[in-house]
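J.: Every number in my numbering is 98 more than the matching position in the sequence shown, counting from 1.
Just so you know, not all the hints are guaranteed correct.
Restraint-style ranges between C-beta atoms, simulated for each label pair [what the hints assert, rightly or not]:
1. Pro294 to Arg196: 45 to 53 Å
2. Gly436 to Ala314: 52 to 60 Å
3. Arg431 to Pro248: 49 to 57 Å
Hints in this document: simulated from the structure, not taken from any laboratory. As the structure is a prediction and not an experimental result, all values here were calculated from the model. We put the beta carbon where it would ideally sit given N, CA and C, even for glycine.
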Amino acid sequence: MKVLSSVRSCAAASGDDVIQRIGFTIGALLLYRLGCNIPIPGIDPVAWQSLFGGLQGVANAGNFFGGNASARISLFALTIIPYITAAFFIQFVVLASRRVRARAEDSGVAGRRMIVRVTLALTLLLAAFQAIGLANAMQQVTGLVTWQGPAFIVTATIIWCAGVLALVWLAEQITARGFGNGISWLLFATAAAELPTALATSIEMVRLGVLSGRTAFLLLLVVVAIVAWVVMVELARRNFSVERIDGKGRADLNLKLNPSGIAPQLLAGWAMLVPVSLLPWVWQFVSQEQAVAIVQAMRPGSAIYYVCLALCLIVTSVIYTAFLLDPARLAERLRVLGLSLPGVAPGEPTADAFDHSVSRLSLAGALYLVLVIVGTQVFFASLGLPFAIGGFALLVVVSTVLDLRAQYASYSGGERL
């Protein structure tokens with residue numbers, strides 16, 4: 099009886115801990131959404147809303163990640179993307195350089211702290227680059243900035259960089275004290291914030307007769323089909339049967355069909371934002387007509403925009419997967435564990451076998467991302483609707499839900515034990 103009471107007490111304590119973590123997560127997300135609606139000083143909101151409607155190709159690239167944070171030029175207008183980009187870049191360096199990787203691993207806690215400090219420094223550098231470019235570009239628009247000069251650039255840069263660091267801290271707090279991964283939750287809140295608006299817009303269009311009920315129903319079926327496809331691909335695995343070198347056991351090695359996840363879209367999205375930061379310097383060397391032509395060419399719906407986005411997705415997906423699933427490292431890991439592929443000698447032959455499979459996985463993952471992200475944009479743009487449910491939003495929502503499902507399953511299994 100005492101043992102049973104202890105088990106029940108532990109279960110109750112675990113349940114209370116989960117509730118507290120969920121409550122903390124909800125509170126942190128509400129704080130994030132509040133910051134997305136607080137504009138920075140020095141901006142005429144009427145002039146910005148008018149300009150935002152005319153620069154969909156550039157401004158919406160930032161709003162694509164910001165959940166209207168960029169549309170309002172808020173404290174969190176740069177979102178957490180600079181930090182994610184910096185973290186991916188540092189990860190690339192660690193994976194690509196054996197010397198850096200060995201130093202980070204051999205240093206233990208000190209090595210991890212060094213990586214954290216370098217990541218934060220690079221985050222500030224990227225955020226400052228974007229902030230200065232965006233502030234400069236805004237000052238070029240007549241009537242948009244209420245007080246001109248270096249003071250506005252410095253103020254806006256400090257606020258936006260502080261906003262990025264605040265989001266990094268908030269994500270860390272959610273991971274440590276909340277339920278789930280903090281960065282995933284911030285991306286989830288960003289993506290999910292646009293879904294109610296799209297739903298309300300479609301309902302209003304049906305009510306006014308602009309959109310027929312049949313068309314709305316078909317759109318719903320298309321969205322459900324895309325979500326089902328994304329779930330199927332995200333859960334798909336490429337299985338490798340491995341066996342002990344001494345022949346006394348077998349196991350399975352599972353690799354995701356889309357091993358890069360949403361990382362290529364984040365990197366590609368940041369790459370699409372780089373021209374925004376370069377516009378002030380470009381305007382110094384081109385005429386106003388040429389600058390307008392550049393902005394128009396970057397508008398979603400243009401062929402150049404879709405081609406550039408697709409190329410960025412393919413390149414980042416292939417490169418990231420190649421570094422993430424390095425065949426040589428996989429083969430070495432199997433050798434250290436005393437495992438090998440059936441009928442394949444350890445070492446270089448195993449690495450060659452993995453290289454063939456990883457190359458096919460990276461290509462399949464890249465094409466999948468292009469179809470989901472670029473394909474959905476082309477689909478909604480062809481319908482001429484005033485809203486669009488982006489493939490990136492669907493990927494983020496599905497990935498976050500699947501991660502939470504896995505975490506809850508792990509927690510439930512641990513509690514049963």
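J.: If a hint holds in the structure, say so; if it does not, say that too.
T.: Hint check:
Checked against the hint of 45 to 53 Å, the pair proline 294 and arginine 196 passes, with Cβ atoms roughly 48 Å apart. Here the CB-CB span from glycine 436 to alanine 314 is close to 58 Å, well matched to the stated 52 to 60 Å. In this structure, arginine 431 and proline 248 meet the distance hint of 49 to 57 Å, their C-beta atoms being roughly 53 Å apart.
Of the hints listed earlier, there is not a single one the structure fails to meet.
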